[in-house]
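**Q** With the sequences and hints as input, model every part of the structure.
If you read the protein sequences in the order shown, they are chains A and B.
The working numbering numbers the first residue of the first sequence as 1 and each following residue consecutively.
The working numbering numbers the first residue of the second sequence as 332 and each following residue consecutively.
No wet-lab data here; the hints were simulated from the structure.
Where a beta carbon is used, it is the ideal one built from N, C-alpha and C, also for glycine.
Treat each hint with caution, since some may be false.
[Said to hold, decoys possible] Cross-link-like lysine to any residue pairs, in silico, SDA-like; alpha carbons within 20 angstroms at most:
id: 1; chain 1: B; residue 1: K457; chain 2: A; residue 2: R18
id: 2; chain 1: B; residue 1: K586; chain 2: A; residue 2: G111
id: 3; chain 1: B; residue 1: K457; chain 2: A; residue 2: D16
id: 4; chain 1: B; residue 1: K586; chain 2: A; residue 2: P106
id: 5; chain 1: A; residue 1: K9; chain 2: A; residue 2: G74
id: 6; chain 1: B; residue 1: K457; chain 2: A; residue 2: R64
id: 7; chain 1: B; residue 1: K586; chain 2: A; residue 2: T109
id: 8; chain 1: B; residue 1: K586; chain 2: A; residue 2: L108
id: 9; chain 1: B; residue 1: K586; chain 2: A; residue 2: T102
id: 10; chain 1: B; residue 1: K586; chain 2: A; residue 2: Y159
id: 11; chain 1: B; residue 1: K586; chain 2: A; residue 2: E112
id: 12; chain 1: B; residue 1: K457; chain 2: A; residue 2: T17
[As the list claims (entries may be wrong)] Computed Cβ-Cβ distance ranges for the label pairs, DEER-style:
id: 13; chain 1: A; residue 1: P246; chain 2: B; residue 2: V664; range: 49 to 59 angstroms
id: 14; chain 1: A; residue 1: S81; chain 2: B; residue 2: I464; range: 26 to 36 angstroms
id: 15; chain 1: A; residue 1: P150; chain 2: B; residue 2: V664; range: 25 to 35 angstroms
id: 16; chain 1: A; residue 1: R248; chain 2: B; residue 2: P448; range: 53 to 63 angstroms
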Amino acid sequence: MNAPLLSVKDLRTVFDTRAGRVYAVDGVNVEVRRGECLGVVGESGSGKSVTFSSVMGLVRSPGRIDGGEITFDGRDLRSLSPQAMRAVRGRDIAMTMQDSLTALNPALTVGEQIGEVLEAHDETLPRARGARQRAIRDRSVEMLLLVGIPSAESRLRQYPHEFSGGMRQRIMIAIALACRPKLLIADEPTTALDVTIQAQVLELITDIRAKLGMSVVLITHDLGVVAEHCDRVMVMYAGQVVEEGPTRDVIGNPAHPYTKGLLGSIPRLSLRGQPIRPIEGQVPDLINLPPQCRFYSRCTVRKEVCKSLISMREAAPGHQARCVRVGKDSQ
Amino acid sequence: MSLGKLIERLIQLVPVLLGVSLIVFVMMTLTPGDPVQIMIGDQAVTPEQEAAMRRDLGLDRPIVERFFVFLGNAVTGDFGTSFYHRRPVLDVIAERLPATIELSLVALIVALLTSIPLGVLAAIRKNSIFDRIATVGSLLGVSLPGFWFGILLLMLFAVHLHILPVSGRIGYSAEIEPITHLLLIDTLLRGRFDAFLDALSHIILPAITLGLPMTAILMRVTRTSMLEVMRQDYVTFAEAKGLSRRRVIFRHALKNALIPTVSVAAIETGSLLGGNMIVETVFGWPGLGRLVVESIFLRNYPLVQAAVLFYAVTYVLLNFVADILYTVLNPRVKL
Chain A
1 MNAPLLSVKD
11 LRTVFDTRAG
21 RVYAVDGVNV
31 EVRRGECLGV
41 VGESGSGKSV
51 TFSSVMGLVR
61 SPGRIDGGEI
71 TFDGRDLRSL
81 SPQAMRAVRG
91 RDIAMTMQDS
101 LTALNPALTV
111 GEQIGEVLEA
121 HDETLPRARG
131 ARQRAIRDRS
141 VEMLLLVGIP
151 SAESRLRQYP
161 HEFSGGMRQR
171 IMIAIALACR
181 PKLLIADEPT
191 TALDVTIQAQ
201 VLELITDIRA
211 KLGMSVVLIT
221 HDLGVVAEHC
231 DRVMVMYAGQ
241 VVEEGPTRDV
251 IGNPAHPYTK
261 GLLGSIPRLS
271 LRGQPIRPIE
281 GQVPDLINLP
291 PQCRFYSRCT
301 VRKEVCKSLI
311 SMREAAPGHQ
321 ARCVRVGKDS
331 Q
Chain B
332 MSLGKLIERL
342 IQLVPVLLGV
352 SLIVFVMMTL
362 TPGDPVQIMI
372 GDQAVTPEQE
382 AAMRRDLGLD
392 RPIVERFFVF
402 LGNAVTGDFG
412 TSFYHRRPVL
422 DVIAERLPAT
432 IELSLVALIV
442 ALLTSIPLGV
452 LAAIRKNSIF
462 DRIATVGSLL
472 GVSLPGFWFG
482 ILLLMLFAVH
492 LHILPVSGRI
502 GYSAEIEPIT
512 HLLLIDTLLR
522 GRFDAFLDAL
532 SHIILPAITL
542 GLPMTAILMR
552 VTRTSMLEVM
562 RQDYVTFAEA
572 KGLSRRRVIF
582 RHALKNALIP
592 TVSVAAIETG
602 SLLGGNMIVE
612 TVFGWPGLGR
622 LVVESIFLRN
632 YPLVQAAVLF
642 YAVTYVLLNF
652 VADILYTVLN
662 PRVKL
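**A** Take a look at the structure:
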């Protein structure tokens with residue numbers, strides 16, 4: 001049980017565009033342990049969603065995985081046939097998307113959208129048609145109740161637009177969890193929701209994680225969410241991991257100037273009266289990247305040595321950052 | 332769908348029909364040529380006989396008066412007597428209508444059965460050789476004139492290969508007692524499979540000719556909306572659920588992509604009516620379209636009037652059907 005559930009090594013995902021090759025994910029290493037919640041933080045375009053689309057095998061043309069290893073539960077996912085990968089998706093690794101309004105099919109009932117996952121993956125369902133349909137319906141009702149949707153039986157016949165945003169997010173979670181996956185990738189599960197509903201949805205994910213003993217990857221740009229719900233955190237910037245470690249260490253004692261900047265740009269009541277300090281500048285263009293620290297142009301503490309390639313260095317046991325100011329070289 | 336909406340639609344028909352009547356009436360009277368002169372032809376008649384004919388047809392009265400007489404009669408369901416057939420216009424139309432309905436239905440079925448699979452295939456193999464051929468093909472399909480394409484088909488299959496008949500609805504030996512007046516159905520109901528095949532061989536070329544522009548348009552609409560839908564989050568989410576590719580394409584993508592296709596199909600069915608006139612003339616198909624063309628040449632005013640009104644009503648109703656289908660396919664919209 002000590003082997004990580006998911007292990008990604010040196011992943012490289014590129015998009016060939018007219019302007020040139022975009023290195024959306026450039027040499028990313030990820031480990032997700034069994035039962036843990038990993039927070040993945042970064043701004044738009046940092047590569048956090050593309051990293052996990054790559055894990056799911058859902059990178060769309062013109063994007064493609066250019067290199068790296070993806071090992072899940074002892075299997076090399078990149079070597080699987082499309083058929084075998086489909087059996088992994090939805091059953092072993094499930095995903096929820098940012099906006100439930102666009103992620104649920106507007107033309108199909110909620111019942112059908114839950115039922116079809118069971119239909120596709122669940123081998124314990126009875127073979128006989130009538131019994132099979134009943135079993136699928138019962139399991140769908142059970143899932144809706146699990147995510148806290150009342151009068152589930154009748155709501156199965158409704159369409160996504162007949163639910164509120166928070167309800168739809170719950171339905172999407174119910175769909176993702178229908179086959180009891182080992183890993184849930186929750187891509188910005190709360191971004192499209194009101195603050196009060198956000199807390200409920202996150203509580204729900206944390207609860208179910210404990211109940212089902214699954215691992216969760218929580219992709220977000222909200223460090224507050226990470227602090228409250230994640231065991232470990234990984235900070236991404238311009239296609240690279242710039243810092244990772246136990247949540248308490250990374251948030252309490254950030255090692256990378258970018259992480260410090262992210263924390264400094266959060267408004268806090270305790271710092272009332274002090275100005276919010278945004279990170280100046282822009283994310284670099286991912287097409288023509290100079291061989292130097294990616295954060296160089298925005299860094300307030302840069303040095304001449306930063307104009308070379310920087311590797312991850314250990315700041316504390318299990319806590320690493322990609323910055324020359326950090327302790328000793330770990331790679 | 333509420334009864335109120337239905338009634339609203341029917342009320343909307345009234346100004347449409349009034350406008351169409353007026354336009355057709357004015358255009359027919361402004362067209363050069365005189366029905367009485369056409370009827371007389373080469374025969375020698377006295378001016379008195381000619382005036383009597385004119386009076387008999389009601390053509391001696393002023394245009395405005397004739398228009399209102401026509402309207403008054405039309406409201407009571409009397410569309411007058413065909414100058415040429417000397418029978419009530421509605422009887423003549425009713426006689427020819429089944430042939431046109433049958434031809435249009437077969438053309439519609441051919442168009443739907445070919446355009447949707449081709450459009451889906453072109454979309455999921457975007458930029459492939461197949462997609463390119465289909466795109467050029469659909470451009471040709473829209474731009475080839477029906478009379479020319481129909482004649483080409485006739486030359487190939489009827490004249491050179493002798494495998495399909497040149498014209499008509501059914502061979503003499505295969506004629507049967509009508510039930511629904513749709514020959515493809517009647518022949519089967521009567522258990523005459525040989526007659527069914529004969530009717531099928533007659534209808535296939537005109538149906539393809541009539542359905543070609545519609546096939547081309549629907550293929551393009553399906554391809555475009557399929558490409559649009561395949562980019563949607565719910566398709567990615569369906570893939571993330573590990574569903575089969577077939578289910579993702581047909582259940583998740585196509586059900587949404589068909590919404591515009593079906594609406595356009597219902598509206599385009601109206602344009603089949605216009606295409607009928609040309610195709611029925613080329614293939615000697617004894618339907619309403621050819622009757623209208625003949626009647627225009629004969630300046631058979633009452634028949635043209637009634638037929639055009641019929642077209643207008645059909646067109647409006649098809650638009651209504653398009654709206655209903657739209658709501659059926661798209662649960663977010665209520666009429």
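**Q** Next step is simple, just say for each hint if it's right about the structure.
**A** Structure-based check of each hint:
Simply put, K457 (chain B) and R18 (chain A) have alpha-carbon atoms about 18 angstroms apart, close enough for the 20 angstroms limit, and the pair holds. Restraint check: the Cα-Cα separation between K586 (chain B) and G111 (chain A) comes to about 16 angstroms, which is no more than 20 angstroms; the hinted pair holds. Restraint check for K457 (chain B) and D16 (chain A): the C-alpha separation of about 17 angstroms stays at or below 20 angstroms, so the hint holds. Pair hint K586 (chain B) plus P106 (chain A) holds up; C-alpha atoms about 10 angstroms apart against a cutoff of 20 angstroms.
Restraint check for K9 (chain A) and G74 (chain A): the C-alpha separation of about 14 angstroms stays at or below 20 angstroms, so the hint holds. Restraint check for K457 (chain B) and R64 (chain A): satisfied, since their Cα atoms lie roughly 18 angstroms apart, inside the 20 angstroms limit. Restraint check for K586 (chain B) and T109 (chain A): satisfied, since their Cα atoms lie roughly 12 angstroms apart, inside the 20 angstroms limit. The suggested pairing of K586 (chain B) with L108 (chain A) holds, with an alpha-carbon distance near 9 angstroms, which does not exceed 20 angstroms.
Of the pairs offered as hints, the one joining K586 (chain B) and T102 (chain A) holds, with about 15 angstroms between alpha carbons and a cut-off of 20 angstroms not exceeded. At most 20 angstroms may separate the alpha-carbon atoms for a hinted pair to count; K586 (chain B) and Y159 (chain A) meet this at roughly 14 angstroms. Between K586 (chain B) and E112 (chain A) the alpha-carbon distance is near 13 angstroms, which keeps this suggested pair within the 20 angstroms criterion. Between K457 (chain B) and T17 (chain A), the direct Cα distance comes to roughly 17 angstroms. Compliance with the 20 angstroms bound is thereby established for this hinted pair.
Checked against the hint of 49 to 59 angstroms, the C-beta distance between P246 (chain A) and V664 (chain B) comes to roughly 51 angstroms, which is consistent with it. For the pair S81 (chain A) and I464 (chain B), the beta carbons lie near 30 angstroms from each other, so the given range of 26 to 36 angstroms is met. Checking the proposed 25 to 35 angstroms range against P150 (chain A) and V664 (chain B) shows it holds: the Cβ atoms sit about 27 angstroms from each other. A C-beta distance of roughly 58 angstroms is found between R248 (chain A) and P448 (chain B), which places it inside the suggested range of 53 to 63 angstroms.
Hint compliance for this structure: every hint is met.
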